[in-house]
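Student: Just so you know, the protein sequences line up as chains A and B, in that order. Just so it is clear: in the first sequence, position 33 is 33 by the UniProt record's numbering, and no numbers are missing. Just so it is clear: in the second sequence, position 79 is 79 by the UniProt record's numbering, and no numbers are missing.
Because the hints were derived from the structure by calculation, they are not lab data. All values derive from a computational prediction rather than experimental measurement. Incorrect hints may have been included.
Under the rule of at most 35 Å between Cα atoms (straight-line distance), these lysine-lysine pairs were calculated in the DSBU-like manner [claimed, not checked]: (1) 248/B to 386/B; (2) 289/B to 141/A; (3) 285/B to 252/B; (4) 252/B to 289/B; (5) 252/B to 137/B; (6) 141/A to 386/B.
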Amino acid sequence: MTTSTARGLHRPTLAIGIALFAMAFITWRDASAMQIRATYGMGADAASYFVALFLAVMGAGHLIAAFRWQDDPGPTDWTAVGWVALGLGSLIAAIWLGAGFIAGSTLLFVFTARAFGRRAWAADLALGLILASGIFLLFNKLLTLSLPMGPVERLF
Amino acid sequence: MESLNFLLQGFGTALDPMNLAFAAIGVLLGTAVGVLPGIGPALTVALLLPITFKLDPGGSLIMFAGIYYGGMYGGSTTAILLNTPGESASVVTALEGNQMARRGRGGPALATAALGSFVATLIATMGLAFFAPMLVKVAIQFGPWDYFGLMLIAFVTVSATFGSSPLRGLTSLALGLWLGLIGIDQLTGQARLAFGVPNLLDGVEVTTLAVGLFALGEALHVASRHLFNDEKPMAIRGSIWMSREDWKRSWKPWLRGTAVGFPIGALPAGGAEIPTFLSYTMERKLAQKPEEFGQGAIEGVAGPEAANNASAAGTLVPLLTLGLPTSATAAVMLAGFQQYNLQPGPLLFVQHPALVWGLVASLFIANVMLLILNLPLVGLWVRLLKIPLPWLYAGILVFACMGTIAANPSVVELVMLVAFGILGFVMRRYDYPIAPVVVGLILGPMADSALRRSLQMSLGDPMILLQHPGSATMIAIAVLALVAPFLFKSLARFRQDED
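Please construct the entire structure, taking both the sequences and the accompanying hints into account.
Tutor: Spelled out as structure tokens, the structure:
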């Protein structure tokens, strides 16, 4: 206990505190720009002011806590987080560029499996493709939900 | 007796073959997700919302309730055999249950968990059927000021009791309230925090937030950690039947756990964690062999598991009668009601009695189904734990994103989903509770409009909140619940200084 107290500021807590202040500021600015007024009682801006104040108080709490909290989140495998992020990014890109749901989901599947230590790219690619196509057929044809279409989906 | 009549009619609805099928699908899905690490009942219901949009409301709600109950049963299996509790309510079960499994008594541990869950759910669901109509009679006279007071209590208890510190819990709540502000205000049409983005004018979808925080956040978190912890599920050894002594040591903890769990779940006191911890401490104090605690005492599984399930059923009381969600799953189920334009609350019992009582009756049926699924068939579920983690999480992510895209096919929605996923990851990493964010998003706008309607009725006089005894009491309770932890803490520190 005594060894860790001397380390000074807990950086993540400090960063979260500053982020909370920033959100409070944005909310306050947004509230003060509102035009519509209520006839009686509170308008739509009152809740915004309240939340801005609440966020600011929490931000202040974090600034104080940054001097006290010392807990370390433990070892982190950032490469794995990066692979999952790449998977999610690929899905967004695939939908954005009109490559369709199946292509995006297959990439998401493959990259996430890689994040958890799989290296059998071909097998995972095949499995992801089967899963994504299955989902697409089930939901687009059976439940008539509209999943984004790309060149692959138009073949069905 | 009136409610008994309604309940009998409800069984008529619930025994309809279609509804029985929905209940069966619900409990199967619920048990599966409860067993699988990383996905809980809240996430499953959130994933199913867009898919069930076009189905019959009664059947879908029966299915959601089955998932909710099933998730509670299945969670104990993971906690006992894997020592990684699927949801926070099973943390305590893992303490003794995993020790029992390590000592070759996994079978009896699973059995007492399943039977305890059955007894607790049975009693608690009877409690629901009995108390809900009484509460409805009171709630029907509630004004907007009373609802505002109730929501204040829910805010405080949900955020101050979850997680490791009140500051973290309240920060999560503030985030949820902030997200709740986004979009067009219902009463005046004023846009709040939309920044000119058209997609934001409709507000943040509860399902997008829940799926992002729970599914994506959890996947990112587990990915960041899995290199460093490698838990292998244990095989069930020994008979799954309990010995005479096991029975003797289990039945009292079941009943005590139920007695603790149901009221705490039914009050807007948030979460199943508190009753499970309370029950664990209680059993430890009352045990005839306290030295066994920490080394696999069966009471330490029986009591908390009963408390867990009783509080899950109890949570349905405020959800159905007041429209007040006090847990993440209840919050997502509320979104489920709303997608069919049904508003839970006293009026639901008046306007849709067949639906409500069919739902309550189907809870009894789901409970019986779950006992069968979890006792003789528990070996089947354990196989689910053998799905390789890479495929499991890859599959979860594909399903999670699919649900969001299907509900709202836009890139903006998908970007928001990923942003919420990163938020969920950061919150897990630094130990912030997730549930207050979801509850804040749902209850925030409701509290806002309840307060403003009260003020419109009083022509702007805020004293209206204190002039009504109901709302005055509830606001006092909320303030007490907010201040009490800080008081106890400084009191404890004061005493420490004295020593």
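Student: Holds or violated: are the alpha carbons of residue 141/A and residue 386/B at most 35 Å from each other?
Tutor: holds, 32 Å
Student: Between residue 252/B and residue 137/B, is the straight-line Cα distance small enough, at 35 Å or below?
Tutor: holds, 34 Å
Student: Does the structure keep residue 285/B and residue 252/B at a Cα separation of 35 Å or less?
Tutor: holds, 13 Å
Student: For residue 248/B and residue 386/B, compute the direct alpha-carbon distance and say whether it is at most 35 Å.
Tutor: Holds, at about 34 Å.
Student: Given the proposed pairing of residue 289/B with residue 141/A, does the C-alpha separation stay at or below 35 Å?
Tutor: violated, 60 Å
Student: With the threshold set at 35 Å, check whether the alpha-carbon distance from residue 252/B to residue 289/B stays at or below it.
Tutor: At roughly 15 Å apart (the allowed maximum being 35 Å), residue 289/B and residue 252/B satisfy the hint.
Of the numbered hints listed earlier, the single one contradicted by the structure is hint 2.
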